[in-house]
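Undergrad: Here are the chains, one letter per residue:
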Amino acid sequence: MSFSKLARETTHSFSKLARETTQRFVDNDLTPMGHGRMLRKEDPRFIRGKGRFIDDLQLPGMLHLAILRAPIAHGRIVSVDVSAAEAHPKVKLVVTGAMLAERGLAWMPTLSNDMQAVLATDKVRFQGQEVAFVVAEDRYAARDALELIDVEYEQLPAVVNVRAALDPSSPVIRDDLEGKTDNHCFDWETGDKAATDAVFARADVVVRQDMVYPRVHPAPLETCGAVADYDAVDGTLTLWSTTQAPHAHRTLYAVVAGLPEHNIRVISPDIGGGFGNKVPIYPGYICAIVGSLLTGKPVKWTEDRAENLTSTAFARDYIMHGEIAATRDGKILAIRTNVLADHGAFNGVAAPTKYPAGFFGVFTGSYDIQAAYCTMTAVFTNKAPGGVAYSCSFRITEAVYLVERLVDCLADELKMDPVELRLKNLLRPEQFPYTTKTGWVYDSGNYEPTLREALRIADYAALRREQEDKRARGELMGIGVSFFTEAVGAGPRKDMDILGLGMADGAELRVHPTGTAVLRVSCQTQGQGHETTFAQIVAEEIGIPPADIKVVHGDTDQTPFGLGTYGSRSTAVSGAAAALVARKVRDKARLIASAMLEVSVADLQWDKGYFHVAGDPAKSVTIQDVAMRAHGAGDLPEGIEGGLEAQICYNPENLTNPHGAYICVVDVDPGTAVVTVRRFIAVDDCGVRINPMIIEGQVHGGLTDGVGMALMEILAFDEGGNCLGGSLMDYLIPTALEVPDWETGFTVTPSPHHPIGAKGVGESATVGSPPAVVNAVLDALKPYGLRHVDMPLTPSRLWEAMNGNPQPPI
Amino acid sequence: MQVTMTVNGEQVTRDVEGRLLLVHFLRDHLALTGTHWGCDTSNCGACAVWLDGEPVKACTVLAAMAGGHEVRTVEGLEQFGELDSIQRGFMHCHGLQCGFCTPGMLMTARALLDRNPSPSEPEIREAISGQICRCTGYASIVRSVQWAAAEEAGTRTSADVGSPP
Ligand code: FES
Ligand code: FES
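Protein sequence lines correspond, in order, to chains A and B.
Per our numbering, the very first residue in the first sequence carries number 23; after that it's consecutive.
Per our numbering, the very first residue in the second sequence carries number 61; after that it's consecutive.
Mixed in with the good hints, there may be bad ones.
[Claimed, not checked] Heads up, simulated SDA-like pairs for lysine to any residue below, C-alpha to C-alpha not over 25 Å straight-line:
1) Lys437/A x Arg495/A
2) Lys72/A x Gln71/B
3) Lys72/A x Pro182/B
Everything labelled a hint here was simulated from the structure, so no lab data went into it.
All figures in this text were calculated on a predicted structure; none of them were measured in a lab.
Can you build the whole structure from these sequences, using the hints too?
TA: Structure representation (structure tokens):
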């Protein structure tokens, strides 16, 4: 028996044994190859409590870091006295902004090319800002020592309201920027003003509505944290951190800290939810690195919930004025909007460089209109920086909310059914690829069947009859509809980069001699199930069962470069990379197979998992046979290198455009103004579906976010700039009691440019659901003559609106 | 101070500070990191464990208070290499995504099934209402618990009570 055959047989029986063992553990009786409902490969560790999250890490000699934060929103630092903290017996290190400044590390770039203080040197600019840090032997001692640091502030007036911030008399927050004399952050516009104004001027009907998308927080269940381990001997830094973009972070650390990039390894282990919150680099990560550099020990930083809510990246915070123009019979003609954007103390927006307002430009929604125009002014205030995409592709949530509320306001004005109005204006399938009036190309869509499917599941007509009966009895039932188009999968790199790093994703696939494989991807999972989905993509392309494909991610030393997981870009970009790298491997396998079968490549047929001679299926080799041959003894065809592996970097041609139709049914208690979401129907079209179970889960999660934002989530501030949402007692997140059992459906419009026709889906529901909920509540409140109430629709806010006294949330 | 308790059937004794929370005792002193921590205010339930058979939030119990008592954590669910049906239910019905809330959810759900072997959907929702899941939207957690209940009653008919393929 030849060595290779022996090796193959033994490893085959090994892998059979291994597979049986995993199967016993996994209890996985549903493992279809490729696309299909397959149980998740990551679950066995999580259900045993064997996940490996940042705070689970214990390294020998590890120290603990805690951060002292500003108790006030705006103030000059007069003095910082750390002597008592330094004297604490368990304290190893105390660092202030002044000490960082000596090393040139007091400031770091944000993802939008602004500068943010790592530790404040001159002023504090928001409540919760980092002022000093302590490294101590255990986490309790580190916190004790914070109490011993004495900081004297000269309090300055806090600038909380965006309009007040623009007043010339307002105190200047960013006096660190040379020549800055106001709180203006940037202006931005899109669309054609003249054309839009012309359409508005001759429209039969114009409806105007002010609306606020309040500041909210992604609040993943795991807060942010890091473990930094600097090895002074070989000059390498290993940083485990809660990051959704390990490669981009590594490059930024190299630039900020001046460490050579090849000596930095960023590991993003299991992450307890991200939702955009873990895209930015936070001062805490830098503090942990500095702590480890200065002590020579591994240093762990885990923020508490108050720190997470008050200092890490928020989302939304747009004050929008919207206008919609239409004909009397309900043909939408144009949309115009003006936005005031609160960016907090530093511009920390996480969006491609050319898009300071993210993808807000898609505010024309899913409708066939003639013109659109938007102006925006962004402002600095004494609030935490951020502006991340909380489960959406860069500000699309705000855009979809604006247009979907405006359409409902128009329906109200025209006394038209909101479904009828939408059906009349949706883009038609023959219009795709469609270029919007603000220049966005929607790759594909077939909207009407999606909306009709939602109507069918909901039994819309019956719901309207039920509502009529209830209204006659004085009960408040509402039906809300929304339709959205997402734009996900950033790049393409010609248009999209983050701080100069192109938004393309690498992938590498190695097939081992025995026919099992390792896929290395640049994106990273925070619960999306990449270890499963990506194995399925490769399985479909190359015929190796998903169980035999390991997906490696979240470690810059182990994976090719790419921009990470956010904005629903994983399947759209890295998923495409996975499919294409598998095809590249298959192409090489084909050449080897042709030699093995002694036929020309043209005479070979591929049949998921094996090549056979055309017309003679019995003459075949499996992909596993080819793998062994590629590594084994014996000659390979002329010009073919040994091994069976490939690497690519995928640059998407365009964004992918999932869409969906959502219907929400609510009951409002007329006596308490409590809203109950009774039903929620979500029909999503995310192109070709890989794992329907995972897709459904992603939709469920997003719908819950949407109900949260519509009904309860808000980061509010008092006049002094104190954050009123600093705990989960104040920042409300839906529990199982506030959400219904979701009803989902789907249609499939493949992306024409994605290699497997897939589109992103992780955030569609967060984008599409808030307007459906708000539209439903306002529909319920028709008898009160209300056209709009701002989120969150808490009982007290709704009660005031029902009693003729609606309050803006901020 | 010295504290002795039984954790997952094993007796442990450690020297601890009086103020040490049970959640940190389990995680930092016993390296049982399956029990998570997610908030400052006892709202999230990521830390749920059993104390003498009842679910408690381990961030709200001092290690010293658990002295002389029995603690069970997620690591104690699997017995003799066999997963608990609640663990299998979560896998089958996609009751987890990031997995951070999962240990707490599992402990609460196991306790529910022990006192009520066939809970209704509202009863399941009520039982887990002290816990936050930011990923799943809860419906699949409810199904996971129903799956386990059916499994234990011997009435489970299909592998999946979730979405069909
Ligand atoms: S850690 Fe949140 S309830 Fe215990
Ligand atoms: S699975 Fe992520 S919080 Fe529940």
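Undergrad: The structure should be examined with respect to each hint, and the outcome stated for every one.
TA: Against the structure, the hints come out as follows:
| no. | hint | verdict |
| --- | --- | --- |
| 1 | Lys437/A x Arg495/A | holds, 22 Å |
| 2 | Lys72/A x Gln71/B | holds, 21 Å |
| 3 | Lys72/A x Pro182/B | violated, 30 Å |
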